[in-house]
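> Read off the chains here:
2 protein chains.
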Amino acid sequence: MTNPQPPLMGAMMDQPLLISSIIRFAARHYGGSEIVSRRVEGDVHRYTVRDCEARARRLADVLRAQHVAPGERVGTLAWNGYRHMELYYAVSGSGAVLHTINPRLHPDQIAYIVNHAEDRLLFFDLTFLPLVEAIAPRCPTVKAFVLMSDRDHMPAGDSIANLLCYEDLLDAAPADYTWPEFDEHAAASLCYTSGTTGNPKGALYSHRSTVLHAYASAMPNALNVGAADVVLPVVPMFHVNAWGLPYSVLLAGAKLVLPGAALDGKSLYELFETEGVTFSAGVPTVWLGLVNYALQNGLAFSTFRRTVIGGAACPPALMDTLIDRLGVKVIHAWGMTEMSPLGTTGGLLAKHRDLPVESQRAILRKQGHAIFGVDMKIVDDGGRELPWDGRTSGHLLVKGPWIVSRYFRDEGGDVLRDGWFPTGDVATIDADGFMQITDRSKDVIKSGGEWIGSIDIENIAMGHPAVLQAACIGVHHPKWDERPVLVVVRRPGASLTREEMLRFFEGRIAKFWMPDDVVFVDALPTGATGKIQKNRLREQFAAYRLPGGG
Amino acid sequence: MTNPQPPLMGAMMDQPLLISSIIRFAARHYGGSEIVSRRVEGDVHRYTVRDCEARARRLADVLRAQHVAPGERVGTLAWNGYRHMELYYAVSGSGAVLHTINPRLHPDQIAYIVNHAEDRLLFFDLTFLPLVEAIAPRCPTVKAFVLMSDRDHMPAGDSIANLLCYEDLLDAAPADYTWPEFDEHAAASLCYTSGTTGNPKGALYSHRSTVLHAYASAMPNALNVGAADVVLPVVPMFHVNAWGLPYSVLLAGAKLVLPGAALDGKSLYELFETEGVTFSAGVPTVWLGLVNYALQNGLAFSTFRRTVIGGAACPPALMDTLIDRLGVKVIHAWGMTEMSPLGTTGGLLAKHRDLPVESQRAILRKQGHAIFGVDMKIVDDGGRELPWDGRTSGHLLVKGPWIVSRYFRDEGGDVLRDGWFPTGDVATIDADGFMQITDRSKDVIKSGGEWIGSIDIENIAMGHPAVLQAACIGVHHPKWDERPVLVVVRRPGASLTREEMLRFFEGRIAKFWMPDDVVFVDALPTGATGKIQKNRLREQFAAYRLPGGG
Numbered sequence: 001m002t003n004p005q006p007p008l009m010g011a012m013m014d015q016p017l018l019i020s021s022i023i024r025f026a027a028r029h030y031g032g033s034e035i036v037s038r039r040v041e042g043d044v045h046r047y048t049v050r051d052c053e054a055r056a057r058r059l060a061d062v063l064r065a066q067h068v069a070p071g072e073r074v075g076t077l078a079w080n081g082y083r084h085m086e087l088y089y090a091v092s093g094s095g096a097v098l099h100t101i102n103p104r105l106h107p108d109q110i111a112y113i114v115n116h117a118e119d120r121l122l123f124f125d126l127t128f129l130p131l132v133e134a135i136a137p138r139c140p141t142v143k144a145f146v147l148m149s150d151r152d153h154m155p156a157g158d159s160i161a162n163l164l165c166y167e168d169l170l171d172a173a174p175a176d177y178t179w180p181e182f183d184e185h186a187a188a189s190l191c192y193t194s195g196t197t198g199n200p201k202g203a204l205y206s207h208r209s210t211v212l213h214a215y216a217s218a219m220p221n222a223l224n225v226g227a228a229d230v231v232l233p234v235v236p237m238f239h240v241n242a243w244g245l246p247y248s249v250l251l252a253g254a255k256l257v258l259p260g261a262a263l264d265g266k267s268l269y270e271l272f273e274t275e276g277v278t279f280s281a282g283v284p285t286v287w288l289g290l291v292n293y294a295l296q297n298g299l300a301f302s303t304f305r306r307t308v309i310g311g312a313a314c315p316p317a318l319m320d321t322l323i324d325r326l327g328v329k330v331i332h333a334w335g336m337t338e339m340s341p342l343g344t345t346g347g348l349l350a351k352h353r354d355l356p357v358e359s360q361r362a363i364l365r366k367q368g369h370a371i372f373g374v375d376m377k378i379v380d381d382g383g384r385e386l387p388w389d390g391r392t393s394g395h396l397l398v399k400g401p402w403i404v405s406r407y408f409r410d411e412g413g414d415v416l417r418d419g420w421f422p423t424g425d426v427a428t429i430d431a432d433g434f435m436q437i438t439d440r441s442k443d444v445i446k447s448g449g450e451w452i453g454s455i456d457i458e459n460i461a462m463g464h465p466a467v468l469q470a471a472c473i474g475v476h477h478p479k480w481d482e483r484p485v486l487v488v489v490r491r492p493g494a495s496l497t498r499e500e501m502l503r504f505f506e507g508r509i510a511k512f513w514m515p516d517d518v519v520f521v522d523a524l525p526t527g528a529t530g531k532i533q534k535n536r537l538r539e540q541f542a543a544y545r546l547p548g549g550g
Numbered sequence: 001m002t003n004p005q006p007p008l009m010g011a012m013m014d015q016p017l018l019i020s021s022i023i024r025f026a027a028r029h030y031g032g033s034e035i036v037s038r039r040v041e042g043d044v045h046r047y048t049v050r051d052c053e054a055r056a057r058r059l060a061d062v063l064r065a066q067h068v069a070p071g072e073r074v075g076t077l078a079w080n081g082y083r084h085m086e087l088y089y090a091v092s093g094s095g096a097v098l099h100t101i102n103p104r105l106h107p108d109q110i111a112y113i114v115n116h117a118e119d120r121l122l123f124f125d126l127t128f129l130p131l132v133e134a135i136a137p138r139c140p141t142v143k144a145f146v147l148m149s150d151r152d153h154m155p156a157g158d159s160i161a162n163l164l165c166y167e168d169l170l171d172a173a174p175a176d177y178t179w180p181e182f183d184e185h186a187a188a189s190l191c192y193t194s195g196t197t198g199n200p201k202g203a204l205y206s207h208r209s210t211v212l213h214a215y216a217s218a219m220p221n222a223l224n225v226g227a228a229d230v231v232l233p234v235v236p237m238f239h240v241n242a243w244g245l246p247y248s249v250l251l252a253g254a255k256l257v258l259p260g261a262a263l264d265g266k267s268l269y270e271l272f273e274t275e276g277v278t279f280s281a282g283v284p285t286v287w288l289g290l291v292n293y294a295l296q297n298g299l300a301f302s303t304f305r306r307t308v309i310g311g312a313a314c315p316p317a318l319m320d321t322l323i324d325r326l327g328v329k330v331i332h333a334w335g336m337t338e339m340s341p342l343g344t345t346g347g348l349l350a351k352h353r354d355l356p357v358e359s360q361r362a363i364l365r366k367q368g369h370a371i372f373g374v375d376m377k378i379v380d381d382g383g384r385e386l387p388w389d390g391r392t393s394g395h396l397l398v399k400g401p402w403i404v405s406r407y408f409r410d411e412g413g414d415v416l417r418d419g420w421f422p423t424g425d426v427a428t429i430d431a432d433g434f435m436q437i438t439d440r441s442k443d444v445i446k447s448g449g450e451w452i453g454s455i456d457i458e459n460i461a462m463g464h465p466a467v468l469q470a471a472c473i474g475v476h477h478p479k480w481d482e483r484p485v486l487v488v489v490r491r492p493g494a495s496l497t498r499e500e501m502l503r504f505f506e507g508r509i510a511k512f513w514m515p516d517d518v519v520f521v522d523a524l525p526t527g528a529t530g531k532i533q534k535n536r537l538r539e540q541f542a543a544y545r546l547p548g549g550g
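Sequence lines, in order, name chains A and B. First residue of the first sequence: 1, per our numbering; consecutive thereafter. First residue of the second sequence: 1, per our numbering; consecutive thereafter.
Worth double-checking, as some hints may not be accurate.
[Unchecked claim] Per label pair, the in silico range of CB-to-CB distance:
#1 A:50 <-> B:104: 55 to 63 Å
#2 B:161 <-> A:431: 41 to 49 Å
#3 B:71 <-> A:69: 40 to 48 Å
#4 A:69 <-> B:285: 52 to 60 Å
#5 B:161 <-> A:7: 21 to 29 Å
#6 B:430 <-> A:9: 33 to 41 Å
#7 B:526 <-> A:7: 34 to 42 Å
#8 A:32 <-> B:324: 22 to 30 Å
Keep in mind the hints are simulated off the structure, nothing from the lab. All values reported here derive from a predicted model rather than from experimental measurement. The beta carbon of each residue, even a glycine, is placed where N, CA and C say it ideally should be.
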């Protein structure tokens with residue numbers, strides 16, 4: 001029942017959904033909203049959205065003068081700061097493609113990504129001067145490197161050919177640039193996945209996908225960003241567009257606080273307090289640092305009331321501490337680079353209002369509901385859809401207008417399955433639509449035909465006071481195919497035996513899920529984004545044999 | 001700098017924004033959310049969004065069986081209830097056009113609208129049987145009339161040819177209908193303006209405009225609808241799609257409570273309490289009724305915390321009572337049929353957090369900020385843009401993807417001015433982007449080259465305890481062109497003289513704005529939607545002469 005050409009069209013204004021429309025709107029309607037940045041130069045910089053838009057238009061003119069054509073890529077190696085905001089809007093707004101690069105990757109990977117994207121210009125913060133010096137000779141597509149600072153901070157030597165100064169370029173640019181209008185399906189920005197296996201692959205977002213994601217992510221069920229908020233994104237702008245906050249905060253007219261490179265607990269706490277931050281977002285490790293700093297110094301938050309935690313599951317103990325001891329509401333979020341990134345967010349329904357706190361908390365620990373625009377399903381190995389009963393685990397597939405249909409340059413070929421994107425995650429979905437990640441597809445432990453979720457086991461282990469880190473992997477078993485083994489890093493000074501650890505699981509999981517062994521190590525292998533790399537852990541355990549000769 | 005064909009397109013899934021995607025999403029992800037309706041049959045009906053979607057698909061099949069083609073119009077004369085929700089999704093979702101008709105219009109106007117829209121089917125609530133009996137013979141395009149009830153409530157006679165029973169049709173329909181996919185620019189629904197001058201004109205919304213409006217209106221800066229809310233739209237579903245709530249409540253997964261025809265204070269209060277309503281929306285007169293009922297009976301609200309008030313400016317005294325005495329946050333909203341309807345909503349910025357209550361209240365009284373997607377400007381009679389200084393009044397023009405570009409069947413010809421829609425309102429906008437309606441363009445009083453806002457004067461007059469209603473109109477003056485005259489209806493039993501009324505204005509407005517006269521009347525002329533009709537009032541005062549022979 002498809003009607004390709006409807007017989008009657010609506011009589012509404014036809015305006016493309018463009019990223020420039022966000023900053024134009026913000027400068028016009030919330031022009032006085034502040035953007036406060038802790039600079040890598042050391043000081044705190046503040047100006048308004050109106051200033052930001054005016055400078056972004058000058059910067060767009062700089063791109064034109066540097067012969068960056070529509071559709072061409074412009075790379076950034078930068079922290080969360082106002083100049084990075086200007087790049088977000090100038091590059092995409094002018095019709096070019098913003099390519100944010102994760103500086104924590106290995107220089108070889110960065111050089112690979114710059115070459116794969118064929119970046120024409122590369123903008124970078126002072127911090128990354130040594131990195132850029134190292135990769136510049138290997139990046140032939142880059143016509144100029146632009147240091148995001150002023151003349152005073154330019155290096156003395158000529159270690160980088162074609163090095164330009166950001167503020168000099170802006171000073172020389174005229175102020176009369178106007179944002180062009182074009183097809184909303186045009187490419188707007190490019191993020192590469194961290195790529196634990198194979199080469200990094202690029203997710204190429206469009207203006208339409210970015211604006212729809214911004215609308216959806218600002219809604220109360222998602223990040224809930226409003227004009228009275230003061231938002232500090234700890235999640236980096238080089239990591240999936242900081243979960244869309246550089247867009248959603250501006251369209252909401254909120255005040256934006258950008259922390260630069262100082263993400264330790266003390267620096268963040270001070271910025272939260274001096275700027276009156278109400279809402280923040282970041283990965284669990286950041287909150288551990290901030291929470292520890294606050295608790296160790298007996299500090300409270302004056303204005304900080306809500307945070308979104310994503311990138312990895314929030315340890316239940318961290319969630320409890322934030323809520324119960326610091327009065328900060330925690331919203332669990334799940335998504336991925338291929339999803340712009342938001343897919344689901346946690347929260348309660350009207351019918352949960354009168355539940356006991358512990359029952360509410362159990363709901364908040366789930367990754368939550370799909371945001372309107374995203375559809376999801378769980379399937380078995382054969383692709384058959386599985387029931388939403390909160391118990392059955394399956395491969396999680398997603399669909400929606402801000403989800404990739406393929407990778408940049410068709411890397412990896414056809415990635416969809418019947419129009420659905422396979423996330424690589426394993427999850428349950430309950431009858432109320434709450435999704436919970438139980439594992440990565442490649443990490444799930446398949447034992448006797450049943451799937452054992454390694455994340456559940458790790459979360460329980462992390463609840464033991466002597467455990468600093470824990471990872472659960474499947475190892476070969478002659479009868480059950482695989483059995484779980486728990487690998488633990490003890491807290492400094494803490495003592496914990498294999499038997500004590502196993503006893504801690506009793507009554508907390510089904511007997512069949514009980515790890516067959518506990519192994520203590522000094523450290524777990526982690527990647528550039530701080531995530532534990534289980535594929536490397538499995539390699540380390542390739543020669544391991546289960547107790548009892550299994 | 002227009003690039004009609006971008007050289008690089010994004011690599012994201014391309015999915016049309018369709019109204020059916022809202023109910024599909026809701027049924028799948030928030031399927032258990034309740035829809036509770038007080039029926040015109042007298043009882044309370046409750047079911048889930050999942051039930052609603054299943055019945056809407058059956059209803060879509062009924063439309064197919066009745067030979068309603070894509071793009072054809074289907075009329076409704078109905079209150080806020082679950083069957084009307086089913087029509088919202090079945091008609092638009094199937095590709096036909098939902099035409100909601102205001103039953104408060106004169107039967108002649110209703111017949112005109114039905115004929116102008118060429119409605120193929122007309123669905124109506126039991127309440128409107130006499131109305132439909134009266135107009136049916138004059139509506140030749142309507143192939144069948146469908147009573148939205150069951151067999152037991154069908155009338156005995158044959159006063160209407162081709163009368164069908166809603167529940168019978170649904171019972172006979174198969175359950176396997178699937179929603180079609182088509183161009184998001186297709187027409188989805190049709191609302192006629194009340195048309196104080198000339199014939200009513202139709203605003204023809206598209207699927208794209210409706211879904212974008214639903215996203216935007218759910219955001220915290222706008223209606224702020226989340227999954228934990230229980231929402232009761234008092235604003236009728238026959239009035240600009242109940243401000244989009246039938247869409248935004250479903251995409252947010254909130255519980256929906258539909259009050260049917262009983263909009264008096266007592267009925268509403270009881271429904272708010274029994275269903276745990278947290279959020280509502282409606283015109284000021286409805287809140288007057290509810291507030292009076294609550295205060296007179298010493299009642300408080302257990303769960304009701306927020307309401308959006310629009311359709312007319314909220315009298316400041318009503319806003320104060322709701323906030324200070326009943327603990328209900330008031331959000332001012334402004335929009336119009338031609339805007340789907342939301343244009344602006346009130347609220348505070350981060351920097352207003354520590355202002356004294358009275359200063360905050362003054363901000364909340366404004367119509368507020370444009371919602372992202374809407375742009376606005378104020379212009380003088382010559383079309384020149386005026387400054388945003390909070391003092392200069394101008395004609396308000398708007399632009400955006402959910403604003404009409406023309407009327408249905410090109411009624412009224414070319415309505416835009418350089419791509420902007422003239423709202424017919426006069427407003428100020430301050431430096432922070434807060435818009436305040438000061439008048440209608442046709443009601444503004446032009447005196448000695450200055451514009452005097454009649455609404456300001458009326459609001460002050462309404463603050464006098466002896467005033468029930470007030471309207472301010474301009475009358476001819478030989479020297480100043482026009483001077484304001486205030487027409488007042490006293491509260492029953494209250495006494496108020498011309499001099500007392502004028503003295504009440506002292507210190508509250510500029511001397512030049514002081515009305516030249518106060519005239520007391522028994523009643524003011526009102527239209528079908530309860531608004532005071534100033535054009536009729538001006539006709540009544542055509543022979544009036546100012547005191548002193550002005």
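> Hints first: check each against the structure and report whether it holds.
Hint check results:
1. Between residue 50 (chain A) and residue 104 (chain B) the beta carbon distance is about 45 Å. The supplied range of 55 to 63 Å is therefore violated.
2. For the hinted restraint 41 to 49 Å between residue 161 (chain B) and residue 431 (chain A), the CB-CB distance of approximately 47 Å keeps it satisfied.
3. Checking the proposed 40 to 48 Å range against residue 71 (chain B) and residue 69 (chain A) shows it holds: the Cβ atoms sit about 41 Å from each other.
4. For the hinted restraint 52 to 60 Å between residue 69 (chain A) and residue 285 (chain B), the CB-CB distance of approximately 58 Å keeps it satisfied.
5. Distance hint check: the CB atoms of residue 161 (chain B) and residue 7 (chain A) are about 28 Å apart, consistent with the given range 21 to 29 Å.
6. Between residue 430 (chain B) and residue 9 (chain A) the beta carbons are some 38 Å apart, a value that agrees with the proposed interval 33 to 41 Å.
7. Look at residue 526 (chain B) against residue 7 (chain A): about 39 Å separates their beta carbons, and that is inside 34 to 42 Å.
8. For residue 32 (chain A) and residue 324 (chain B), the Cβ-Cβ distance of about 29 Å falls inside the hinted range of 22 to 30 Å, so the restraint holds.
In summary, the structure is inconsistent with hint 1 from the numbered list given earlier, while agreeing with all the others.
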